[in-house]
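S.K.: Using the sequences plus the hints, can you model the full thing?
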Amino acid sequence: MSALTLERIREELASYDGAPLRIMEVCGTHTASIVKNGIPSLLSDKIRLISGPGCPVCVTVTAYIDRLTELALTEGTAVCAFGDLLRVRGSSMSLADAKARGGRVHMVYSPAQMLDLAEADPQRTYVFAAVGFETTIPVYAILIQEAERRGIRNVKLLTSLKTMPQVIGWLMDSGAKIDGFIAPGHVCAVAGYEDYITAAAKYGVPFVVSGFEGPQLLATIYALVKMQGRGEVRNLYPGVVEKEGSPESRQLTAEFFEPCDAAWRGMGIIPGSGMRLKDEFAQYDAGSEGLTEDRMATGCQCAHVLTGEITPEQCPLFGKVCTPQDPHGACMVSQEGSCFNHFVARGI
Amino acid sequence: MTESFIKMAHGSGGQSTSELIAGIFAKYFHNEYLDAMGDAAVVPGSGRIAMTTDSFVVTPYFYPGGDIGRLCICGTVNDLLMSGAVPKYLTFGCILEEGMPTDALEKIVQSAAQTAAEAGIQIVAGDTKVIENSGHPEGGIIINTAGVGFVPEGRSVGADQIREGDAVIISGTLGEHHAAILGKRMGLENTIQSDNAPLGEMTSALFAAGVRVRAMRDVTRGGLGTVMHEFASESGKTIILEEKALPVRRDVRDFCGILGLDPLYMGNEGKMAVVVDPADTEKALEAIRGSRYGQDAAVIGEVAAAENMPEGRLLLRTPVGGLRVLGPLYGEGLPRIC
Numbered sequence: 525m526s527a528l529t530l531e532r533i534r535e536e537l538a539s540y541d542g543a544p545l546r547i548m549e550v551c552g553t554h555t556a557s558i559v560k561n562g563i564p565s566l567l568s569d570k571i572r573l574i575s576g577p578g579c580p581v582c583v584t585v586t587a588y589i590d591r592l593t594e595l596a597l598t599e600g601t602a603v604c605a606f607g608d609l610l611r612v613r614g615s616s617m618s619l620a621d622a623k624a625r626g627g628r629v630h631m632v633y634s635p636a637q638m639l640d641l642a643e644a645d646p647q648r649t650y651v652f653a654a655v656g657f658e659t660t661i662p663v664y665a666i667l668i669q670e671a672e673r674r675g676i677r678n679v680k681l682l683t684s685l686k687t688m689p690q691v692i693g694w695l696m697d698s699g700a701k702i703d704g705f706i707a708p709g710h711v712c713a714v715a716g717y718e719d720y721i722t723a724a725a726k727y728g729v730p731f732v733v734s735g736f737e738g739p740q741l742l743a744t745i746y747a748l749v750k751m752q753g754r755g756e757v758r759n760l761y762p763g764v765v766e767k768e769g770s771p772e773s774r775q776l777t778a779e780f781f782e783p784c785d786a787a788w789r790g791m792g793i794i795p796g797s798g799m800r801l802k803d804e805f806a807q808y809d810a811g812s813e814g815l816t817e818d819r820m821a822t823g824c825q826c827a828h829v830l831t832g833e834i835t836p837e838q839c840p841l842f843g844k845v846c847t848p849q850d851p852h853g854a855c856m857v858s859q860e861g862s863c864f865n866h867f868v869a870r871g872i
Numbered sequence: 639m640t641e642s643f644i645k646m647a648h649g650s651g652g653q654s655t656s657e658l659i660a661g662i663f664a665k666y667f668h669n670e671y672l673d674a675m676g677d678a679a680v681v682p683g684s685g686r687i688a689m690t691t692d693s694f695v696v697t698p699y700f701y702p703g704g705d706i707g708r709l710c711i712c713g714t715v716n717d718l719l720m721s722g723a724v725p726k727y728l729t730f731g732c733i734l735e736e737g738m739p740t741d742a743l744e745k746i747v748q749s750a751a752q753t754a755a756e757a758g759i760q761i762v763a764g765d766t767k768v769i770e771n772s773g774h775p776e777g778g779i780i781i782n783t784a785g786v787g788f789v790p791e792g793r794s795v796g797a798d799q800i801r802e803g804d805a806v807i808i809s810g811t812l813g814e815h816h817a818a819i820l821g822k823r824m825g826l827e828n829t830i831q832s833d834n835a836p837l838g839e840m841t842s843a844l845f846a847a848g849v850r851v852r853a854m855r856d857v858t859r860g861g862l863g864t865v866m867h868e869f870a871s872e873s874g875k876t877i878i879l880e881e882k883a884l885p886v887r888r889d890v891r892d893f894c895g896i897l898g899l900d901p902l903y904m905g906n907e908g909k910m911a912v913v914v915d916p917a918d919t920e921k922a923l924e925a926i927r928g929s930r931y932g933q934d935a936a937v938i939g940e941v942a943a944a945e946n947m948p949e950g951r952l953l954l955r956t957p958v959g960g961l962r963v964l965g966p967l968y969g970e971g972l973p974r975i976c
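These protein sequence lines map, in sequence, to chains A and B. Residues in the first sequence are numbered from 525 upward in steps of one, following the numbering used here. Residues in the second sequence are numbered from 639 upward in steps of one, following the numbering used here.
Listed next, the stretches of chain A that the computed footprint assigns to chain B, with coverage defined by at least 3 CB atoms under 8 Å from CB atoms of chain B: (1) 557 to 568; (2) 733 to 746; (3) 858 to 869.
Cut-off 20 Å, straight-line C-alpha distance, at most; resulting in silico cross-link-like pairs (SDA-like, lysine to any residue): (4) B:K822 - A:S634; (5) A:K623 - B:S772; (6) B:K822 - A:D640; (7) B:K726 - B:M689; (8) B:K726 - B:N782; (9) A:K726 - A:R754.
Derived from the structure by calculation, the hints contain no laboratory data. Fair warning: this is a prediction, and the values are worked out from it, not measured in the lab. Positions of the beta carbon are idealized from the N, C-alpha and C atoms, including for glycine.
M.R.: Next up, the structure:
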């Protein structure tokens, strides 16, 4: 038997002629890397990659955006957010719209930037739009730690924090037809992959923990093809990911946050799928409770795109009224969004 | 200049304005057309005229490797060059915010004069206005330059000239200007310098060597990806770029990695993408590499007929051998880098 080279993996993936397979990635960075490396062009038509609910911007509900725009337009308050979030529509406007109407909105690259802004402007309350998954939650814990250490009192978080195993369980329980999962490498580095061992066994589908480079993703897809039908987990990101994750990060998260129910765009409230600030840190919360209302644009099929039921092209709004310049659904906003990437891949 | 900060009176048109012009602008900008101080410059010229204008709002106005004065000359000069023109004359319009230190203004004007001299273009008209401070701690500055050049007879460059089989060349490494501005704004310490530069020596060398240039475009906002996408869609041809061949400095690559930016969509201010007849590829590379600012030039792709792909698309062959369709830059990009 010849050695398993990248060349051979590519040949086998291109010529695969077995049962049709639907493989889902649930990490926005994987989605972006799959596009960046042109992975779909290397796969047989029998293997379809589906972007699941792994982009934090895409799964944010309108009530959360509405609260952010309200805060941005409130005297004495400023909102800091990562770039993509600025363009997501709430029920009447996006943060970018609020900014154009005189609201205070800062696009930042890291939560630490907000501390400098807040320290220099102590009369104003700075609210961070704290969206994200397991990977980002410890960053917000550090933000609070740093604020306490530096004695900066005018910072708060508006949280919409989510965890991955619960939404994967929800998807499979809802009948999504997925034959294998590319397990999120960064999330697993923090939270470990024990939850995925349970899920793999329960649903009888394989999970492969993957890195983010092109060859790593090809090896992961190859492994999933070989493992089809088996409820097992393989870690192809060793050295970075340990089964139990990073104890330090988990501890940091547990110190400031606790599990809660969370609202996902188009999917509703999924029990235990979110994280909230513990009551003892309530002074850092900017009113994150109860932001569950989810008014999607008429015709928007984000929910069905996120669960892999339809391709972005099958949404009636796609490319017609919903474009990256004027996104109606959140999946068209983010670089990690399924609709955005399908739109860009048309190359028009 | 007796004043150390710009005040509203400097835009009054009266004595203070005269002092500002004499003390800073006339000190560095002078030639026979400007020195006449007429209402309009009357300049010689004939043939096919190329005209362009651009406004510059970059913050901060001093950044590693350059400043808004150098940038506002390079931007307009390069736009003229890319149309095949020989740049000749520039206007220089300046909107200042009160509170701007006059020594900062002087440095900017001096830098603009030096860059204009390097680019071989004459600043023949100018204007200054002062507006109220918008909250910029050091006062803002906005510069508009308009440029005029002449296109030699028989020279015709543009996306409509692009043909199947043509070679695509980039004159150097990607993303430095964008990364330098962003790094400075974020207060990051690194070695990245803006590449802002006039490209006249390079384009002259190409034409002097007899290279059949189909189309040229300077890589500015939107980056190489956006420029090449324009070439593909305007020419109706399929262009394939080789990701491995794209030159990116190590420090810029690391910077992009940290911030999740793609060098393909980051702006330069001293690089151009050129499409040439494939038989002239080596000659073109030699001409560019032998010019100032062109030593890192590389062949990065070709104009080809890709099977099963609609025409007018831009494709990238990735290091793992995949083909990825590239669109123009969507969304924010990043604000105000030029």
